[in-house]
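Peer 1: Knowing the structure of chain A, use the given hints to seat chain B on it.
Take a look at the letters that make up each chain.
There are 2 protein chains.
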Amino acid sequence: MPLNCEIIAVGTELLLGGIANTNARDISQGLAEAGIHCYYHTTVGDNPARLRGALLAAQKRADIIITTGGLGPTYDDITKQVVCETFGIPLELHGETWARITGYFDKIGRPATENNRRQALIPKGGEVFANDWGTAPGCGFRAGDTHIFMLPGPPKECRPMFEQRLLPLLKAMSPETIVSRQLRVFGMGESSAEDKLRPLMERLINPTLAPYAKEGEVALRVTASAPSEEEALRLIAPVEEEVKALLGGVVYGTDDDSLASVTLELLRREGASLAAAESCTGGIIASRLTGVPGASEVFMGGVVAYTREMKVNVLGVPEDVMDTHGVVSQEVALAMARGVCAVTGASLGLGVTGLAGPDGDGSPVPIGIVCIALYDSRDGTQTAQTRNFGDGRERVRLMASMTALDMARRKLLG
Amino acid sequence: MPLNCEIIAVGTELLLGGIANTNARDISQGLAEAGIHCYYHTTVGDNPARLRGALLAAQKRADIIITTGGLGPTYDDITKQVVCETFGIPLELHGETWARITGYFDKIGRPATENNRRQALIPKGGEVFANDWGTAPGCGFRAGDTHIFMLPGPPKECRPMFEQRLLPLLKAMSPETIVSRQLRVFGMGESSAEDKLRPLMERLINPTLAPYAKEGEVALRVTASAPSEEEALRLIAPVEEEVKALLGGVVYGTDDDSLASVTLELLRREGASLAAAESCTGGIIASRLTGVPGASEVFMGGVVAYTREMKVNVLGVPEDVMDTHGVVSQEVALAMARGVCAVTGASLGLGVTGLAGPDGDGSPVPIGIVCIALYDSRDGTQTAQTRNFGDGRERVRLMASMTALDMARRKLLG
Numbered sequence: 001m002p003l004n005c006e007i008i009a010v011g012t013e014l015l016l017g018g019i020a021n022t023n024a025r026d027i028s029q030g031l032a033e034a035g036i037h038c039y040y041h042t043t044v045g046d047n048p049a050r051l052r053g054a055l056l057a058a059q060k061r062a063d064i065i066i067t068t069g070g071l072g073p074t075y076d077d078i079t080k081q082v083v084c085e086t087f088g089i090p091l092e093l094h095g096e097t098w099a100r101i102t103g104y105f106d107k108i109g110r111p112a113t114e115n116n117r118r119q120a121l122i123p124k125g126g127e128v129f130a131n132d133w134g135t136a137p138g139c140g141f142r143a144g145d146t147h148i149f150m151l152p153g154p155p156k157e158c159r160p161m162f163e164q165r166l167l168p169l170l171k172a173m174s175p176e177t178i179v180s181r182q183l184r185v186f187g188m189g190e191s192s193a194e195d196k197l198r199p200l201m202e203r204l205i206n207p208t209l210a211p212y213a214k215e216g217e218v219a220l221r222v223t224a225s226a227p228s229e230e231e232a233l234r235l236i237a238p239v240e241e242e243v244k245a246l247l248g249g250v251v252y253g254t255d256d257d258s259l260a261s262v263t264l265e266l267l268r269r270e271g272a273s274l275a276a277a278e279s280c281t282g283g284i285i286a287s288r289l290t291g292v293p294g295a296s297e298v299f300m301g302g303v304v305a306y307t308r309e310m311k312v313n314v315l316g317v318p319e320d321v322m323d324t325h326g327v328v329s330q331e332v333a334l335a336m337a338r339g340v341c342a343v344t345g346a347s348l349g350l351g352v353t354g355l356a357g358p359d360g361d362g363s364p365v366p367i368g369i370v371c372i373a374l375y376d377s378r379d380g381t382q383t384a385q386t387r388n389f390g391d392g393r394e395r396v397r398l399m400a401s402m403t404a405l406d407m408a409r410r411k412l413l414g
Numbered sequence: 001m002p003l004n005c006e007i008i009a010v011g012t013e014l015l016l017g018g019i020a021n022t023n024a025r026d027i028s029q030g031l032a033e034a035g036i037h038c039y040y041h042t043t044v045g046d047n048p049a050r051l052r053g054a055l056l057a058a059q060k061r062a063d064i065i066i067t068t069g070g071l072g073p074t075y076d077d078i079t080k081q082v083v084c085e086t087f088g089i090p091l092e093l094h095g096e097t098w099a100r101i102t103g104y105f106d107k108i109g110r111p112a113t114e115n116n117r118r119q120a121l122i123p124k125g126g127e128v129f130a131n132d133w134g135t136a137p138g139c140g141f142r143a144g145d146t147h148i149f150m151l152p153g154p155p156k157e158c159r160p161m162f163e164q165r166l167l168p169l170l171k172a173m174s175p176e177t178i179v180s181r182q183l184r185v186f187g188m189g190e191s192s193a194e195d196k197l198r199p200l201m202e203r204l205i206n207p208t209l210a211p212y213a214k215e216g217e218v219a220l221r222v223t224a225s226a227p228s229e230e231e232a233l234r235l236i237a238p239v240e241e242e243v244k245a246l247l248g249g250v251v252y253g254t255d256d257d258s259l260a261s262v263t264l265e266l267l268r269r270e271g272a273s274l275a276a277a278e279s280c281t282g283g284i285i286a287s288r289l290t291g292v293p294g295a296s297e298v299f300m301g302g303v304v305a306y307t308r309e310m311k312v313n314v315l316g317v318p319e320d321v322m323d324t325h326g327v328v329s330q331e332v333a334l335a336m337a338r339g340v341c342a343v344t345g346a347s348l349g350l351g352v353t354g355l356a357g358p359d360g361d362g363s364p365v366p367i368g369i370v371c372i373a374l375y376d377s378r379d380g381t382q383t384a385q386t387r388n389f390g391d392g393r394e395r396v397r398l399m400a401s402m403t404a405l406d407m408a409r410r411k412l413l414g
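Here the protein sequences line up with chains A and B, keeping their order. Be aware that the first sequence starts at 1, since it is given in the working numbering, and climbs by one per residue. Be aware that the second sequence starts at 1, since it is given in the working numbering, and climbs by one per residue.
Since the hints were derived computationally from the structure, they do not count as laboratory data. Take these hints with a grain of salt, some might be off.
Pairs count within a copy or across copies, as identical chains cannot be separated in the list.
[Unchecked claim] Computed cross-link-like contacts, DSS-like style, restricted to lysine-lysine with a CA-CA straight-line distance of at most 27 Å:
no.	residue 1	residue 2
1	LYS107	LYS196
2	LYS196	LYS156
3	LYS214	LYS156
4	LYS107	LYS411
5	LYS411	LYS214
6	LYS107	LYS214
7	LYS107	LYS156
8	LYS411	LYS196
9	LYS214	LYS244
10	LYS124	LYS60
Chain A on its own, in the form it takes in the complex (with noise of 0.2 Å):
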């Protein structure tokens, strides 16, 4: 018998519309990996009646039940409080974590509260989660034959506690092994892959095969279930290379690859090094290359050159390659990436210009086009295309840098 599960996130903020519960999400993305089945999700306020009803409920219908949020340090944050008394468990302090609290106060030289001191007490006898993203821990008990969790409100601590902490638990109590490879796409769309794929997905019964679209890109979720790890990975080899034979070299990764840390590592490869001008990304190519830890090996750096006067100052743009091919030119992109090149010593330059919105430069060039060039220095080639990436400043943005690094990762594959 499969285990299950519910997922109860407190917190006001969510009925007012603040924020979706992307918790709810990822939580749910672990539990169908770890085998173990989800039927409800409810969302209170920060009411411990309402939290109340809600655990009673659950408990009468669940093997397991995790709530997020309400575990901050404020009056509102009210989640231990009523779990504890609504499972009769007593609340108390955890010197680890108050001693971790207390560090974290004085590293950053203010002083922990009264408040804080809440978010070290922990249900008697139960589990502690460490929060490396935050300061209130999780944490979590048996009471009767219910497992009780909870996590941190806030995603970015929610998901990493919940992945690194609760999850491999979970899937040790679960009798199902069930492991979940993503294979990452960019440069194919959610409908055209699936239309590609529709045999095979239609084939398959286990391993399953299911495309997700992600911010620019596709994933493809393939998912099998076995009694071991190692066998549910012995059923995911050979779809994996029937998806690769399928959609050929739009498939540059799996599971946590990113287009920036795939490219970076193709840079450590082949000995080279990379470097970008930027005008209407502004920053977003050097930013998600130095997000990825130990960049600065292979990323030498990168010019966000908004005005004519850096373009010209800094990378060298010749004035009259501007005035006779407009800001928004190939022709300047190229110019834009050998003088990136020319000032880090990189072997590979990317050169981006190009007009996000939502207002024109002037010229007859439409909002969304995107002129992109790579120059490699080490033999002089150089590349560039231009696109049209529609309509919404943050979109064109961001289509236009993942564009970059997958012209960058293919001219290194070669």
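Peer 2: Here is chain B on its own, set in the frame of chain A:
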């Protein structure tokens, strides 16, 4: 008495973590605007018994029930059938909707199936919300004291149908208007802010005041309920002033403001301009600023100077300053800030150098240490600070970039 509404999402894909329930967020925002309370969000799968249970629970507690999802043409789309059975209302074919659906299929040259016909079934005597964004119409009816509305699941259909068709109805039904205003705080933690605001928070009934932790900052939400928007705003204004008086300069903006947008606005007002030389933040400051439309008027550009060579060659940081003080030092940050002003011609320059981790740089500088400098080329004044942002590469980078923007903001405020 304000009305109260519950949202029931129907869809197994939500419980499998395929997507987040953004519909509940979008609808909740509208309910808050309309002065309608929302105490519960529930998600169930495509399962008649569990949906019926959720409906019966909601009927006892709410004046209005809104369901999302399960209106599609496939056999697992069960919402209309289960809702109508639960409330004892028959379904009947809606001629206009059926004509619309067959017209659509004629246009794309495919036959409408028996399944599609199910989409044209509507609760007898109820309302129909035409779907201009897909095929399944929404609908609603009244059963006793309860109003039930059903919206389609895909967010691209649910959101506009809610906003354009259902929300106006709800606003007409609601006796109250609720207005929220967010005050944005940087440089003070959630618990410290609450410590200072506690007496005010406890005294207030309408409006209410509540703090929320956001990425690296804190939002204070002031929410007032009144018969009209004007009256609600009149209730909010003095609370906003009182909060500002209690917290001082850490309150940097309201609602959709960000540190980047506020800094850009101050630059515009002062006739000044800004540039950024970034080492450990790797382009985040530039990408945050350029994320705001119109940034190019006052943001001159940036240099991502990860390597020693770039600091020397592009920014003109003297080699001996790096050798004497180390790369992570206020002296280097200041030299970077001066250098980026020289390169870009900006009136203000930010320089950031630090160790984001996870690995150190071989020097005794601990991970998390960041030096941030601001140079004003108009009068040659300069300031620098050294901060310890603790562990976690992403958090160190985020806090360093926000602190740098806040330094510029405070300088511009004088």
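Peer 1: For each hint, tell me whether it holds in the structure or not.
Peer 2: Hints and how they fare:
1. Proximity of LYS107 to LYS196 under the C-alpha cut-off of 27 Å is restricted to the inter-copy arrangement: shortest distance 22 Å between copies versus 54 Å within a copy.
2. For a Cα distance limit of 27 Å, the shortest separation of LYS196 from LYS156 across copies, 24 Å, qualifies, whereas the shortest one inside one copy, 35 Å, does not.
3. Taking the closest pair of Cα atoms, LYS214 and LYS156 come within 27 Å of each other both inside a single copy (18 Å) and across two copies (10 Å).
4. Proximity of LYS107 and LYS411 under a CA criterion of 27 Å is satisfied inter-copy only: 26 Å between copies versus 45 Å inside one chain copy.
5. In this assembly of identical chains, LYS411 and LYS214 lie within 27 Å of each other by CA distance solely inside one copy; the values are 24 Å within and 39 Å between copies.
6. Only between protomers do LYS107 and LYS214 lie at most 27 Å apart by alpha-carbon distance; the minimum there is 21 Å, versus 37 Å within a single protomer.
7. Only within a single protomer do LYS107 and LYS156 lie at most 27 Å apart by alpha-carbon distance; the minimum there is 21 Å, versus 46 Å between protomers.
8. In the homo-oligomer, the alpha carbons of LYS411 and LYS196 lie at most 27 Å apart inside one protomer (25 Å), although the nearest pairing across protomers, at 56 Å, exceeds that limit.
9. When the C-alpha separation of LYS214 and LYS244 is checked against a cutoff of 27 Å, the pair qualifies only within one copy, where the shortest distance is 18 Å, while the shortest distance between copies is 40 Å.
10. Taking the shortest Cα distances, LYS124 and LYS60 sit within 27 Å of each other inside one copy (23 Å), while across copies they are farther apart (36 Å).
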